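Novice: Listed below are the residues making up each chain.
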Amino acid sequence: MIERRPLLSFSSHVIMVIGIIAVALPVWITFVAATHTTERMLVSPLPLLPGTHFWENLKMVLFTQEFLGTTRAPVWLSMTNSLIIALSIAIGKIVISLLSAFAIVYFRFPGRMLFFWMIFITLMLPVEVRILPTFEVVANLGMLDSYWGLTIPLIASATATFMFRQAFLTVPDELLEAARLDGAGPLKFFWDILLPLSRTNIAALFVILFTFGWNQYLWPLLITTKTEMHTVVMSIKQMLEVAEAVPQWNIIMMTSLVAMLPPILVVVLMQRLFVKGLVESEK
Amino acid sequence: MASIQINNLRKTYDGGVQAVKGVSIDIKDGEFIVLVGPSGCGKSTLLRMVAGLETITDGELFIGDRLVNTIEPADRDIAMVFQNYALYPHMTVYNNLAYGLKNRGFAKAEIGKRVRKAAEILEIGEYLERKPRQLSGGQRQRVAMGRAIVRDPAAFLFDEPLSNLDAKLRVQMRLEIRKLQKELGTTSLYVTHDQLEAMTLADRLVVLSGGEVEQIGSPIDVYEKPASTFVATFIGSPAMNLLPLSKDDNNWKLDNSAVVDVKLSTDLAELTLGVRPEDLVIEELSEKFDTGLHTALKVTAVEPVGAESYVHGTIGEGSVDIVVRAPGKLHFEPGQILKVTAKPDKLHTFDMLTGKRIELQGTLEIA
Amino acid sequence: MLKRVHFQPSVLPYLLVAPQILVTLVFFLWPAGQALYQSVLIEDAWTGNSEFVWFENFQLLFEDTEYLSVFYRTGYFAGAVALTAMFFSLILAGFADRIVKGSTIYRTLLIWPYAIAPVLAGALFVFMFDPTLGILAYGLKLIGIDWNHKLDGDQAMLLVVIAAAWKQIPYNFLFFLAAMQSIPKSVIEAASIDGAGPIKRFWTIIFPLISPTTFFLLVINVVYAFFDTFGIIHALTDGGPANSTTVLVFKVFKDGFVGLDLGGSAAQSVILMSLVIALTVVQFRFVERKVEY
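Residue numbers (numbering that gives the first Met the number 0), protein chains in the order written: chain A, 0 to 282; chain B, 0 to 366; chain C, 0 to 292.
Everything labelled a hint here was simulated from the structure, so no lab data went into it.
Possibly wrong hints are sitting among the right ones.
[Stated by the list, open to error] Partial pick of chain C residues on the chain A-facing surface, computed with a CB cut under 8 Å:
{"#": "1", "residue": "Ile-20"}
{"#": "2", "residue": "Tyr-105"}
{"#": "3", "residue": "Thr-107"}
{"#": "4", "residue": "Ala-114"}
{"#": "5", "residue": "Ala-116"}
{"#": "6", "residue": "Tyr-137"}
{"#": "7", "residue": "Leu-173"}
{"#": "8", "residue": "His-233"}
Note that the coordinates shown come from a computational prediction; the quantities given were computed from them, not determined experimentally.
C-beta: ideal position from N, C-alpha, C; glycine also.
Please build the complete structure, drawing on both the sequences and the hints.
Specialist: This is how it looks when you write it as structure tokens:
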């Protein structure tokens, strides 16, 4: 900043470090818990430093079906489910939003505004406010306990459509004119020009939507009954319920750790895109 | 290569705004035509109608012998250079040039041959693998030209292609475009608002105003015989001086007051007299003409621009501003009175109401 | 809105919007319509016959003191979450903005909790605050506070607010920092030449200039607290003890899936929808204002 005040500048760093520690504390405690034995995790006070049972706990979490007498999907399977669902939701949202934004920006056709408003209205109808009737629709379509049921109802996206619309509007008109003179029809223009130009936007949205898809909780909770369709995020709740009786915190926390890792990695590794995606999608 | 025939073209937008109000131009094969006019005069709209990027409301457009009113832009056999170049930012220079050929199903070998030839002509051969953002403004401009050349079209359309360049580069590219067009012999239609660019490039100029043609002619014709006060003031810099005159007892008066010493053989009671700044001579600096126009100029400012100076001043009661373009570095004090004069054959006369040029046959008498 | 230049009308644009419109119709508009329809019916649990009752479901809801208290509680919860999360992120962003070197590293270290699922955030806090074993509950006991959110409704609410705010801090931090960094440096320099110290500058220059972002975040945080905290509450308290942490979304879920009260749940859905619509309108009116800035 402007004035040289070493003390102030030093205290800025101190505050930031305190903030980061406070924000990271829950995850540190989770990590520590995941490195100890079940027995150690029953003795108060609980440890604050990591133990030596990390790999053992990890192996148990990934491959064991039994958990305190209940059967659940081993975490490798629920992770696979989560991955399939997160990817399908992210890709599905991006594809259908790209297509509809293209139609709305580059074509003048009867009903255009009607479609625009229909997509807009989805913004006002989050799953949480129409839980029961949406569940009924999915049940009637026979989509319970299927990847279709877990993904399709979530892939309409006003936010993504608006973001692409915004991006397309900044593409100079002359580019389309040049492409027309170069003999490109609508689909060719879309594929050869618009899509490559939207690469960063697509990547940025992907980071956001992958996180969104991976972290879905209420929806999978409602429409999956078979354990082999469970996602890793929703399996936590069941484990917590069991833990009411006999806590096995090392296993629960290891599962939490594994479940939160993929989206954290995506966000941290693609930080620049993530920030862009967040900021752009709110415009 | 082909001629282009524009027959009474009209463009009316949905809101009822008339951008082009019946324009006719016959463009000969290989001719370089420049459409010039202030912004909003309809020149770009006209060009885009020729390109097929705007629909034609009324009239006929022929490229060669073919009526192309409803033909898709890609099928009109024309190429266009855009103001912002409109290069595909994600494609290499090579692919920018090749894209149109690929879409038309040219063989790979033929595409390669054409692209390299165009690159050679434009001296952009070493940039073929670069992306547009790695190029300078001038280089991008060349790529945009190259994209037009590779197609070997019947006509080039230029939409203010030099306006994004700095002044020096603009002069250089202007010369190159002119040279290239002569070498290739491709019919060209070029839009600009820069009268200097228009003068230097055109075989024939089309001056547009308010969606209508003011004048069509060679640059020299247009300069020497402007068809209207609009053309007279638009072409040439500094602009032509205009003096509104009215006749009172055989004397021509400026603003019904100051008498201006000029003889005009006409029955008209009022007209606009035009004289270019370089045709006005300061008597103190040269020999005195016995004929033509004589008046006194009250200096307001002198702008030295190097080899010559622009002397600004007022005549009459101070109501009409005049510029005189005189050689050398001149020093006059504001308020100083100078006698200025002009030869009779350098005077232009226009109808005061319509602004149209009036030729007064053998008109300007000896004073 | 629309490009000046566009393609000729054809069947193509309809094909392009079809997938999105189809999903919207089947999974958004149809269920929303169903909710509207069911909200004016009462279904007989025994016969399955339903009876058209006009607004009786709504009337019942607003006469139900329990529902009204859920309503107020949700407002209290949303306000507490928004203020807590915004307060801490504003402070952090204010200091991060002062740091010239390494502010990106701090950003990286602060934003990742955004990626944690709400229900996992809930699990983390359950563990930390577990009354018998939790490390923070233990710490609190050491300083004389008897922590048991499973019995104490106020503590349960406090816990839910902390967990929900914790998860929202990265998001707010990111937007606050971006807003602060977009203030022209010359403005800050002018202020310091005018004799304003760092703290005075923050309150008289920076804070007023980022007020559009602050307002925007307020709306976003309220929306978040309303609709995206289901997982946190479900994992932490399950709405208890004695409904002390039951908010609107949680109640819709409970009444619909556990209580199987179709008409009542539908009426609640309709009320929630009107809330979202109101919030969206506020948000968009604000976006229009932002354009003028």
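Novice: For every hint, state whether the structure bears it out.
Specialist: The hints, checked one at a time:
1. A distance limit of 8 Å between C-beta atoms decides the matter here; for C:Ile-20 the minimum to chain A is near 6 Å, and the interface restraint holds.
2. Hint status for C:Tyr-105 relative to chain A: holds, with the closest Cβ pair at about 5 Å, below 8 Å.
3. This hint holds: C:Thr-107 has a C-beta 6 Å from the nearest C-beta of chain A, less than the 8 Å allowed.
4. Satisfaction of the interface hint for C:Ala-114 is found here, the shortest Cβ-Cβ separation to chain A being roughly 4 Å, below the 8 Å cut-off.
5. Against a cut-off of 8 Å between C-beta atoms, the interface hint on C:Ala-116 holds, since the closest Cβ of chain A lies about 4 Å away.
6. Interface restraint check for C:Tyr-137: the shortest CB-CB distance to chain A comes to about 5 Å, inside 8 Å, so the restraint holds.
7. Here the hint on C:Leu-173 is kept, as its CB sits about 6 Å from the closest CB of chain A, short of 8 Å.
8. For C:His-233, the suggested interface contact is upheld, since its CB lies about 6 Å from the closest CB of chain A, less than 8 Å.
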